[in-house]
Amino acid sequence: MTMIDRKLLKKESVGPLMAVLRDSGRRIIAPQSVGSAPGAWYRELGPEDELDLEHLTTLSPKSAFLPMVEEILRFRNEGKRIVIDDCKIQAQPTVIFGSRPCDTRALHALDAVFLRQPEDMFFREKRAATTVITFSCAAADPDCFCTSVGGGPRDPEGSDLLVTGIGNDCWLVEVWTLKGKQVVELAPHLFQPAGEVETECLVAKVPVRFSLDDVRKHLPVLFNDEEFWREQSLACLGCSSCAFVCPNCSCFDIQDEADLKGGSRLRCWDSCGQKLFTLHASGHNPRGGQSQRWRQRVMHKFSYLPEKEGLIGCVGCGRCSRACPADMNLVERLTAIAEARV
Numbered sequence: 001m002t003m004i005d006r007k008l009l010k011k012e013s014v015g016p017l018m019a020v021l022r023d024s025g026r027r028i029i030a031p032q033s034v035g036s037a038p039g040a041w042y043r044e045l046g047p048e049d050e051l052d053l054e055h056l057t058t059l060s061p062k063s064a065f066l067p068m069v070e071e072i073l074r075f076r077n078e079g080k081r082i083v084i085d086d087c088k089i090q091a092q093p094t095v096i097f098g099s100r101p102c103d104t105r106a107l108h109a110l111d112a113v114f115l116r117q118p119e120d121m122f123f124r125e126k127r128a129a130t131t132v133i134t135f136s137c138a139a140a141d142p143d144c145f146c147t148s149v150g151g152g153p154r155d156p157e158g159s160d161l162l163v164t165g166i167g168n169d170c171w172l173v174e175v176w177t178l179k180g181k182q183v184v185e186l187a188p189h190l191f192q193p194a195g196e197v198e199t200e201c202l203v204a205k206v207p208v209r210f211s212l213d214d215v216r217k218h219l220p221v222l223f224n225d226e227e228f229w230r231e232q233s234l235a236c237l238g239c240s241s242c243a244f245v246c247p248n249c250s251c252f253d254i255q256d257e258a259d260l261k262g263g264s265r266l267r268c269w270d271s272c273g274q275k276l277f278t279l280h281a282s283g284h285n286p287r288g289g290q291s292q293r294w295r296q297r298v299m300h301k302f303s304y305l306p307e308k309e310g311l312i313g314c315v316g317c318g319r320c321s322r323a324c325p326a327d328m329n330l331v332e333r334l335t336a337i338a339e340a341r342v
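Counting in our numbering, the sequence shown runs from 1 upward without gaps.
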């Protein structure tokens, strides 16, 4: 990626910028506090809503592109005929404001799944209509490990604009794409020219926690080591919390909801960690044990996807470790793989 431009934006100008974006017909999705719920949640930002850029978001903005539940067609009974109606794709121009570098980078993994031929038209239209404004991380959570998987607290990969705080009252705004440039051009009076800024001291220091090269090198050798995977997954409950909070995971199920008159076909989030995910109609399940399903999750993210798409299926956001009710820490599991004697 090549930077197009850099600007300065005063923090007091965020409200006016949001107003300009709304007036242009764009909806804004941004982190907000929701009642007494911990952390922040991505929701549509109304004129009276307050941004929350201080807390970690429980989920990534993935649902803006891949909703938890999405209607993909309707069907109705007309006598002895079943008529299928395609759903209209409503991709409203959208700005995601306040994404973090790890979450923005994760969009590449979704692109690899849904924009390969044949392209998923629902995902494609929403992706094309969305501008991503990413904020660098000034502090890191103990579970973050973005630098261990090729990212970083100021990684611009996938961002249209990258914003970094450079004081109590100002942000450095880096323009990385034409979409980002369009945002700046909507409100040129709010942005000022920026010179060279030393940003290394302004962002979090995230240590490398394990050797990704060793993880990738050891996984094929460990594949048939049943005892290793049994020990790795001993605490796993198979609840799929890790998958549902992951910004990279793209597994889905297709379900029909119908009555005597017709119904809808829905796409909904699913997880390869669930026993039913690979259950055949015959009753056979090629991944009948939880250790096999855990192995599949790790292999997909750190072996299969890198080999097939050149992408790591993990951005080091740490949500899986924070969400796991059994305290299965992914960094500890990956460190064990990297340090395994093979």
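It is worth saying that the hints were derived from the structure and are not from the lab.
These numbers come from a predicted model, not from an experiment.
Beta carbons: idealized from backbone N, C-alpha and C, even for Gly.
There could be a bad hint or two in this list.
[Stated by the list, open to error] Pair by pair, the computed Cβ-Cβ distance ranges are:
id : residue 1 : residue 2 : range
1  : Pro16     : Cys268    : 52 to 60 Å
2  : Cys201    : Lys308    : 51 to 59 Å
3  : Val342    : Lys308    : 17 to 25 Å
4  : Asp256    : Asn285    : 18 to 26 Å
5  : Ile72     : Lys275    : 21 to 29 Å
6  : Gly39     : Pro16     : 48 to 56 Å
7  : Gly150    : Gly238    : 48 to 56 Å
8  : Pro325    : Pro93     : 18 to 26 Å
9  : Pro38     : Leu237    : 15 to 23 Å
10 : Arg43     : Asp85     : 47 to 55 Å
11 : Ala326    : Ala19     : 25 to 33 Å
12 : Glu227    : Phe75     : 42 to 50 Å
13 : Pro220    : Pro16     : 49 to 57 Å
[As the list claims (entries may be wrong)] Quick list of in silico lysine-lysine cross-link-like pairs, DSS-like style, CA-CA up to 30 Å:
id : residue 1 : residue 2
14 : Lys205    : Lys11
15 : Lys11     : Lys181
16 : Lys275    : Lys10
17 : Lys205    : Lys7
18 : Lys179    : Lys88
19 : Lys275    : Lys217
Going through the hints against the structure:
1. Taken as a hint, the range 52 to 60 Å is violated for the pair Pro16 and Cys268, whose Cβ atoms sit roughly 39 Å apart.
2. For the pair Cys201 and Lys308, the supplied restraint of 51 to 59 Å is violated, since their beta-carbon distance comes to about 38 Å.
3. At roughly 23 Å, the beta-carbon separation of Val342 and Lys308 lies within the given 17 to 25 Å, and the hint holds.
4. Range check, Asp256 to Asn285: Cβ separation about 23 Å, and the 18 to 26 Å hint holds.
5. For the pair Ile72 and Lys275, the beta carbons lie near 25 Å from each other, so the given range of 21 to 29 Å is met.
6. The hinted window of 48 to 56 Å between Gly39 and Pro16 is violated, with their beta carbons roughly 27 Å apart.
7. Here the CB-CB span from Gly150 to Gly238 is close to 29 Å, at odds with the stated 48 to 56 Å.
8. In this structure the supplied range 18 to 26 Å is violated for Pro325 paired with Pro93, their Cβ-Cβ distance being about 39 Å.
9. Between Pro38 and Leu237 the CB atoms are about 21 Å apart, so this pair conforms to the stated range of 15 to 23 Å.
10. The hinted range of 47 to 55 Å is not satisfied by Arg43 and Asp85, whose Cβ atoms lie roughly 30 Å apart.
11. Distance hint check for Ala326 and Ala19: the Cβ-Cβ separation is about 46 Å, which falls outside the suggested range of 25 to 33 Å.
12. Distance hint check for Glu227 and Phe75: the Cβ-Cβ separation is about 49 Å, which falls inside the suggested range of 42 to 50 Å.
13. Hint check: Pro220 to Pro16, Cβ distance near 54 Å, so the stated range 49 to 57 Å holds.
14. Under the criterion of a C-alpha separation no larger than 30 Å, the hint pairing Lys205 with Lys11 is consistent with the structure, at around 24 Å.
15. Restraint check for Lys11 and Lys181: satisfied, since their Cα atoms lie roughly 19 Å apart, inside the 30 Å limit.
16. Restraint check for Lys275 and Lys10: the C-alpha separation of about 51 Å exceeds 30 Å, so the hint is violated.
17. A C-alpha spacing of about 24 Å is found between Lys205 and Lys7, which places the hinted pair at or below 30 Å, so the restraint holds.
18. With a CA separation close to 25 Å, the supplied pair Lys179 and Lys88 stays within the 30 Å bound.
19. Annotation: proposed proximity of Lys275 to Lys217 holds, straight-line Cα distance about 28 Å (limit 30 Å).
Of the numbered hints stated above, those contradicted by the structure are hints 1, 2, 6, 7, 8, 10, 11 and 16, listed in ascending order.
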